[in-house]
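Each residue of the sequence shown is one higher than the one before, counting from 42 in the working numbering.
Calculated directly from the structure, the hints in this document are not laboratory data. Take the hints with a grain of salt, since some may be wrong.
Dumping the calculated EDC-like pairs for lysine to aspartate or glutamate here, alpha-carbon to alpha-carbon at most 16 Å [claimed, not checked]:
#, residue 1, residue 2
1, 320, 276
2, 365, 276
3, 365, 266
4, 320, 350
Pair by pair, the computed Cβ-Cβ distance ranges are [said to hold, decoys possible]:
#, residue 1, residue 2, range
5, 288, 164, 33 to 39 Å
6, 182, 204, 32 to 38 Å
7, 407, 53, 51 to 57 Å
8, 279, 179, 24 to 30 Å
9, 179, 418, 48 to 54 Å
10, 244, 182, 28 to 34 Å
11, 277, 407, 50 to 56 Å
12, 319, 57, 47 to 53 Å
13, 278, 302, 20 to 26 Å
14, 299, 399, 52 to 58 Å
15, 155, 303, 53 to 59 Å
16, 57, 99, 39 to 45 Å
17, 350, 263, 48 to 54 Å
Just so it is clear, CB atoms sit at the ideal spot from N, CA and C, and this is done for glycine as well.
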Amino acid sequence: MRKPLFILHKYAGLTLGLLLALIGLTGSLLVFDHALDEQLAPQTVHFNPSAQPASYGDILSAAQAAVTGNPAPTRLMTQRQPGSPHVVRFPTPDGAPGPVEVSVSPTDAQVLAVRTWGTPEYTMTWLYRLHYTLLAGKTGKTVVGFMGLLLMVFCITGAVLWWPKKRKDGSRGKQPWRRAFSISRTGNRFRFYFDIHRVFGIYFLPLLLMISFSGVSLVFPTQVEAVVGTLFKLEPRPALPGSRTESGTPISPDQAVAIGETVFPGGALKRIYLPRDNKDSYGLTFRAAGEAWSNYGASIVRVDQYSGETLMSQNVTAIPLGNKILRWQFPLHNGDALGMVGRWLVLLAGLTPTLLFGTGLYLWWQKRRLKRGTKNRALAKTPDTTSPNLPVEV
Numbered sequence: 042m043r044k045p046l047f048i049l050h051k052y053a054g055l056t057l058g059l060l061l062a063l064i065g066l067t068g069s070l071l072v073f074d075h076a077l078d079e080q081l082a083p084q085t086v087h088f089n090p091s092a093q094p095a096s097y098g099d100i101l102s103a104a105q106a107a108v109t110g111n112p113a114p115t116r117l118m119t120q121r122q123p124g125s126p127h128v129v130r131f132p133t134p135d136g137a138p139g140p141v142e143v144s145v146s147p148t149d150a151q152v153l154a155v156r157t158w159g160t161p162e163y164t165m166t167w168l169y170r171l172h173y174t175l176l177a178g179k180t181g182k183t184v185v186g187f188m189g190l191l192l193m194v195f196c197i198t199g200a201v202l203w204w205p206k207k208r209k210d211g212s213r214g215k216q217p218w219r220r221a222f223s224i225s226r227t228g229n230r231f232r233f234y235f236d237i238h239r240v241f242g243i244y245f246l247p248l249l250l251m252i253s254f255s256g257v258s259l260v261f262p263t264q265v266e267a268v269v270g271t272l273f274k275l276e277p278r279p280a281l282p283g284s285r286t287e288s289g290t291p292i293s294p295d296q297a298v299a300i301g302e303t304v305f306p307g308g309a310l311k312r313i314y315l316p317r318d319n320k321d322s323y324g325l326t327f328r329a330a331g332e333a334w335s336n337y338g339a340s341i342v343r344v345d346q347y348s349g350e351t352l353m354s355q356n357v358t359a360i361p362l363g364n365k366i367l368r369w370q371f372p373l374h375n376g377d378a379l380g381m382v383g384r385w386l387v388l389l390a391g392l393t394p395t396l397l398f399g400t401g402l403y404l405w406w407q408k409r410r411l412k413r414g415t416k417n418r419a420l421a422k423t424p425d426t427t428s429p430n431l432p433v434e435v
């Protein structure tokens, strides 16, 4: 059983390990994507302080005026932390890789940057495209999903191969287990890299499984939802209601937010989804009290754009277990659900595929060299009966 798994583990790693390493490296960079973006684009965090923040209406109006063609905004993402800007998103222009995003000062509604998501100039979003789609659209996204499944296979086969073998008498003893969790400093270089490959793989196994499963769930949500639904109680996704009327004077975004805050008192507003037409409603996401993450809002409320009526709400802390598992996947994938420690752990886990690919490639190459050297030495000892210099029988 071990030999087929070893062959699968080795050759799948040699052929696809570099792609997994690329996905892991970009994922590590994206753990702190907003903070890195603010370092790369310092103009987005330089704005005038003010005791009185600008209204959401003023923020949206300023952003809309800064975009060519004056399109209607689709959402507003509130500032990540004090000192960060609000970001307003607009529809994707023809031929662009993603939507237009406008960074706006939360204090005086000053436009700080207008950028197109997914372009090299908007570096962190370009890395997001590379990580999520390999810059190849839906096809690349599907490939990334299958790479997540492959990483889960690597984790399982690696754990089986790591498991200490039984002795001839059927026992394992303490020494094999101690060696299985430690790196030898007395062996040769081959042994050192072998221990690095094995030990780092087993230590990061839980995190790699978590990241790979959550990544697969983001790429194949319907399929993962079906699997989760067979194991845990899962309610269907609620339909997003439209406004009950299709005419009248719309309420302002600030009024919609005030209504949403009565549903989630003490919650932190994360996003405002603006009505797409006269039939749609406001969508607000909050990080409600009791939610573990900090930058993610999983609790939602929909507000009628004319009457201000609360059409539906859902607190993520009060939904069935299956729904909670699905809602946790994104903040688990980027480490937000585990706090700052979790983010650093996910960052290190993203580097692990590169380490495993590099050490695995070295081990394979060294074994190949050893076999080739043994074969050459054997050939050198074998007389060549076809050589013209050998005596010929007369």
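Here is what the structure says about each hint:
With a CA separation close to 26 Å, the supplied pair residue 320 and residue 276 exceeds the 16 Å bound. Restraint check for residue 365 and residue 276: the C-alpha separation of about 10 Å stays at or below 16 Å, so the hint holds. Between the alpha carbons of residue 365 and residue 266 the distance comes to roughly 11 Å, so the proposed pair stays at or under 16 Å and holds. As the CA atoms of residue 320 and residue 350 are separated by approximately 14 Å, the hinted pair is consistent with the 16 Å bound.
A C-beta distance of roughly 44 Å is found between residue 288 and residue 164, which places it outside the suggested range of 33 to 39 Å. Judged by the Cβ atoms, the range 32 to 38 Å given for residue 182 and residue 204 holds: they are separated by roughly 34 Å. Distance hint check: the CB atoms of residue 407 and residue 53 are about 19 Å apart, inconsistent with the given range 51 to 57 Å. The hint said 24 to 30 Å for the Cβ distance between residue 279 and residue 179, and at roughly 26 Å that hint holds.
In this structure the hint that residue 179 and residue 418 lie 48 to 54 Å apart at CB holds, the actual value being about 53 Å. The hinted range of 28 to 34 Å is satisfied by residue 244 and residue 182, whose Cβ atoms lie roughly 30 Å apart. Distance hint check for residue 277 and residue 407: the Cβ-Cβ separation is about 54 Å, which falls inside the suggested range of 50 to 56 Å. Between residue 319 and residue 57 the C-beta distance comes to about 49 Å, which sits within the given range of 47 to 53 Å.
In this structure, residue 278 and residue 302 meet the distance hint of 20 to 26 Å, their C-beta atoms being roughly 24 Å apart. In this structure, residue 299 and residue 399 meet the distance hint of 52 to 58 Å, their C-beta atoms being roughly 54 Å apart. The hinted window of 53 to 59 Å between residue 155 and residue 303 is violated, with their beta carbons roughly 34 Å apart. Between residue 57 and residue 99 the CB atoms are about 50 Å apart, so this pair departs from the stated range of 39 to 45 Å.
The supplied range of 48 to 54 Å is broken by residue 350 and residue 263, whose beta-carbon atoms lie about 31 Å from each other.
Checked against the numbered hints given earlier, the structure breaks hints 1, 5, 7, 15, 16 and 17 and satisfies all the rest.
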